[in-house]
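K.L.:
Letter by letter, the chains look like this.
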Amino acid sequence: MQSTFFGMNIALQGLYSARGGMNVTNHNVANAYTRGYSRQMIQQRATTPIALNNGKGMLGTGTEVYGIKQMRDVYLDKKYWSQSSVLGEYSAKKSTSTQLETIFNATSADANFEKEYNNFYDALQKVSTNPSDASYLSVLKQNGASFTQYFNDLSAKLKSQQEDLNFNVKATVEQINSMASQIQSINRQIYKSELDGSAANDLRDQRAVIVDDLSLLANIKVNENDKGEFRVSLNGQPLVEHFDVNLLEIKPREMKDYTTETDFVNDIKVSSKYINIGTTPPPTANQVTKAFEEYKQDCENYRRTNVDGLYDIYWKNSGVQLDTADNGLSGQLKGYLDMRDGNNNLISGGNAGLDKTMGYKGVPYYMERMNTFVQTFAKLMNEGKSYNGTQLAEKGGFANGTTGIGFFSYKNPDGTYNTGNIDGTDGKPVIDYSKITASNFSISAEIDKDPKNISTTYDSATDKENNNLILQIIELKHNNSSFSEGKISDYMTAVTTDLAINTSQAKTFEKSQGNILMSVENQRLSISGVNLDEEMANMIKYNQIYGAASKMIATMNDIYNTTINKLGA
Amino acid sequence: MRVTNQMTSNSLLLNLNRNAQKLNTLNMQLATGSKIQVASENPIVAALALKFRTNVSETIQYDSNVKQATSWMDVTGTALGSVEKILERTKELCIQAGNETNTQSDREDMIKEIGQLREQLVSESNATYAGRYIFGGYKTDREVMFSKDIKDKYNITQKFNKEDIETIKEQLPVYGNQVPTVGDVDRIKLAYENLENLDLTYTDKNGTTHNLNTSTALDVIKNTPPTAGPGTVTSNQIGYDPVTNTLLLGTNVTTATPPPTVTQVNSTDKDAYLVEDNQVKYISDTGELIIGKSVITSTNGISQGKSSDKDAYVVGDSEIKYLSDTGELVLGKNASNTLKSANDITLNYDKDGFKSGDLNPEQYFDCKEYGFEIVNGKVTLGDSSVNNLVLEYTPQGTTIPINLTVGAGITPHLSTDTFTVGDNEVVYLSDTGKLLFGKDIQTTLESSKDVNVSYEKEGLIYTNATIKQDYKKEPNDIKYEFGVNNKMKINVEGSDVFTSGLIKSIDDLLATINGATPRTEEQIKSDLEKSMPPQEYKDLVADKDALAIKIKEIQDGEEKVNREVVTDRIGKAMTKIENHKNNASTVNADLGARVNRLNLVEDRLGDDYVNYTELMAKNEGIEFEKVYIEYMSQQAIYDSALKVGAQIIQKSLVDFI
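As you go down the protein sequences, you meet chains A and B in turn.
For what it's worth, this note's numbering labels the leading residue of the first sequence as 1, then goes sequentially.
For what it's worth, this note's numbering labels the leading residue of the second sequence as 1, then goes sequentially.
These aren't lab readings, by the way, just hints derived from the structure by calculation.
Possibly wrong hints are sitting among the right ones.
Said to hold, decoys possible - Below, computed lysine to any residue pairings styled on SDA-like, alpha-carbon distance capped at 20 Å:
#1 B/Lys479 - A/Ala134
#2 A/Lys428 - B/Glu456
#3 B/Lys487 - A/Tyr458
Stated by the list, open to error - Which chain A residues stay away from chain B? Per the calculated CB distances, all over 10 Å, these:
#4 Thr4
#5 Tyr16
#6 Tyr33
#7 Arg39
#8 Asp257
#9 His478
#10 Gln513
Values in this document were obtained by computation on a predicted structure and should not be read as measured data.
Every residue, glycine too, gets a C-beta built ideally from N, C-alpha and C.
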């Protein structure tokens, strides 16, 4: 026999589940635009029916809510996380390359290489029409100095760009650490919450948002096992292991300036890259000296294109260095690293442990290209020799003229200028081209002191109007053998085009990757997102159920009223 | 597919953002007029833009060069035109001068005018453009011809060829009661007068190089002592031994074969001074040796004389004589023939001080400027506070050079110090860069050979040596660039127009228009008295008619000779001036042709400028209409996207419940 209030219970269950449905709907509506929020649904089912004992069938006993489920497709999440690191990498590259482009300023009609270069050559042309006029020489000196200043500024800007990138690397590492710690802490909460078998939907959403963000910074892999242990690895190395976290740390790159060969040899960690110390018989003194020279050369190469104090990244627990040159690495971190360290394999300071040969064209690449340019250009103007030493101007350059003074040289750290002299007779100091870099490129001390030291002729100093040297220098402008790229301006065009193509590539990658990610995101939203229309419909639906169940109770009430009051008395 | 609200808003925002980006790009294009703002927007356009802008910049500079060159050449053309006019007028004056009916005052007027024209020529040669002497070759800071007197001393090497040897007519010296006659004289007119240390070098047709100079000139000893014998003359001397009645010949002197006859005469003898070509006379009372033309066959040196000498233009067949006041080299018959067949004839000489109107040797010849000159007992170095100052000299008669340095032989002082310079002392004033010499040391230095002063200044070593500056005469083509590897000569060198020959012909003309001043009767009489045997002269004077006839005869002869000489000179000068005028015209025509070419270049550059700017505009510039239309349609798209978006986001079921 059924309980008297059996029907009442069914209606009550209906009320409860309608309220539950209403609450979930309300929660969904409230979070309709919450980032990372996944739509939730109540899981509802009919309660176990009672078998009628006369074999007439099963009687339904009402409804129950047995869970609240979030609508989420793990496959799409994984897809999103694997794609977003590429976007992170290229958006970092795009923003940095765009800034580099501004530094080179190639398209502007104002201060850029082409403007300075043309000004220098205009001044040369003017001198060629009146070599005896000191004021023209003065203009040539000024324009020459301004030309060198352009490279000094460029180099300073590139250096500051590298410093910014270094800071970005640091900030990115810190972000990764912070996110890893957050994931670890959420892992704990989820695990605890889910011990009783329920699903911590909103915590999971929060965690997924952090992973979304983390996946932009570096290439990560996410794995959650059956036991609910959540793992994140960064470039194959564990970052979060359920309740444990493996953080990264940064240390400024060490550059060791050994004063003696012994100091060098004793620092086995570094010297072993150059020489086998422990062999029998031990290396000869000559071998040691050679190795030490190689090391110093590597340091010098590195210093020419890099600022001091660049950070290396290590795993805090193991102390192992993160291989920043690994091609598998991606994400915003890789983007900044490529831009900070990328030298397109131009510089081989790798053995010193200072610098990785990174295939990408980053700041050091452009720095080295500028260094090469100013060295070659200085030699071309001073001696009329091309990049490979071919004598292009038959009688040489400025230094082969009557005054014997080269036009270009370099500044010492204290700001004084070096000589432009190429003839070392009588123990006079001579210019060392290998010391010229874009940051210290300058006119020579003699010309800085007096523009009359600019030679205009190879012949006699009394031939005031003889401009044959200037004409030769002017011809060099159009000589296709000056640089390996061709003419002087071709070299710079090649560099700016390199940059333009790289930037353009980064922009395109960023855009297309953004589109891919957008489509994955849309697929995710299609499943997880809240549709207000749907929720409204649900609201009405639950409202109606609630109303109907209430009506059932009222009806039941009537029945009881009748049964108890009218029938009893 | 299920579409959720966030999807709608995401894609709306994305699309709005994309539209905004497009609008921004178009907006930037319109604002800057340029297709791209950064190279990465279109690397190809950016690379081309660099190229075109360089092209435009170059074209502007080339155009500026053309304008500079045109101005320069215009000034040159004006000066050359003026030279043509001057020479034309000079030629006219030559024709007038040749007219026998000219009075003395006519001639004086002509001389005045030609003098003026010559001055004008000097001033044209020094024409300037923006303060630069346009005819100065590379040395635009030096005059082509001096406009004022110059004190500097130069060692000059002048080159000649056989065309420079000219045959002129000259009056031959008159002895006794001879009637004057005209003879042909071969000469070379040098660029300057009053030269020293002449040194002539030539290569004969056999390829042997010969060297003649004034120090090895044949020296005829007057009054050879009676006891003289062989060996008492030096290698270039010729003397006479009265005892053996033979000639004493230096080892370098050879005489004709058969040997000349030597006769002793007295100066009062009839025709005492007349000799046959292969005859030598010894005037016993005066000790003079009168040597016939063909006696001496060796050419050892250059003898010297003045045009006022009686026998100025009389030379032995093998003799070369330098007349210092007119700057002529008079060549004997054989010497002349030798030089005419020789190659590489160069004459090296020293010239101390120049007159206004002289050629500037730096512009014309290989030359060296002597830098060491002691003026008022001091030498100015040109630099103060120098290091390692060395004064080196070799006193006459010694071979060991003496070195003096500051502290060892040279006393350092400041010009503000109070000090006296001892007679044998050298003082160096470090603040003014002067060397002061005591009286005795100055005398020693002035007579020394190889006086050198050398010093260092800021690492450079200066040698203010005997030779201050060395100049080489080479083609001085001033070239400008008017296009890539398109260079053109823009100048005309003064030495090509204002040649030494031109100036010297005008000088010659000035000297000869007047001709020789005829001797007065009294002068003729006095000359006759000197050159005739006394008895003959007495007889002549006694016979008044005979004397008058003789004087008339001599005067007529002189006038005839004079006219002949003048006509010859003027004729020659006229031909030369005509040639020079033609030369100036040719040079001017060549200049004109170059100006024409320059005009073509200028037109071309104008076209280039237009082409390059057009290419530049096409490459990086935008078509405003097109971009504007794009902008408007993009704006419309953006607006509608906004409107539609607002609708979609707003509406949901919520609004309808």
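K.L.:
With reference to the structure, classify each hint as holding or not holding.
P.N.:
Outcome of the hint check:
1. For a cut-off of 20 Å, the pair hint linking B/Lys479 to A/Ala134 stands: about 19 Å separates their Cα positions.
2. Pair hint A/Lys428 plus B/Glu456 holds up; C-alpha atoms about 13 Å apart against a cutoff of 20 Å.
3. For the proposed pair B/Lys487 and A/Tyr458, the alpha carbon gap of about 18 Å is at most 20 Å, so the pair holds.
4. Separation of A/Thr4 from chain B is adequate, the least Cβ-Cβ distance of about 39 Å exceeding the 10 Å criterion.
5. Here A/Tyr16 stays apart from chain B, with its beta-carbon at least about 24 Å from theirs, past the 10 Å limit.
6. Look at A/Tyr33: its CB is around 6 Å from the nearest CB on chain B, not clear of 10 Å, so calling it non-interface is violated.
7. With a least beta-carbon separation of about 8 Å from chain B, A/Arg39 fails to lie farther than 10 Å from that chain, contradicting its non-interface assignment.
8. Residue-level check passed: A/Asp257 sits 34 Å from the nearest beta carbon of chain B, beyond 10 Å.
9. The claim that A/His478 lies off the interface is violated: its Cβ sits roughly 5 Å from the closest Cβ of chain B, which falls inside the 10 Å cut-off.
10. Annotated as non-interface, A/Gln513 keeps its C-beta farther than 10 Å from every C-beta of chain B; the closest such distance is 14 Å.
Violated hints for the displayed structure, listed by number in ascending order: 6, 7 and 9.
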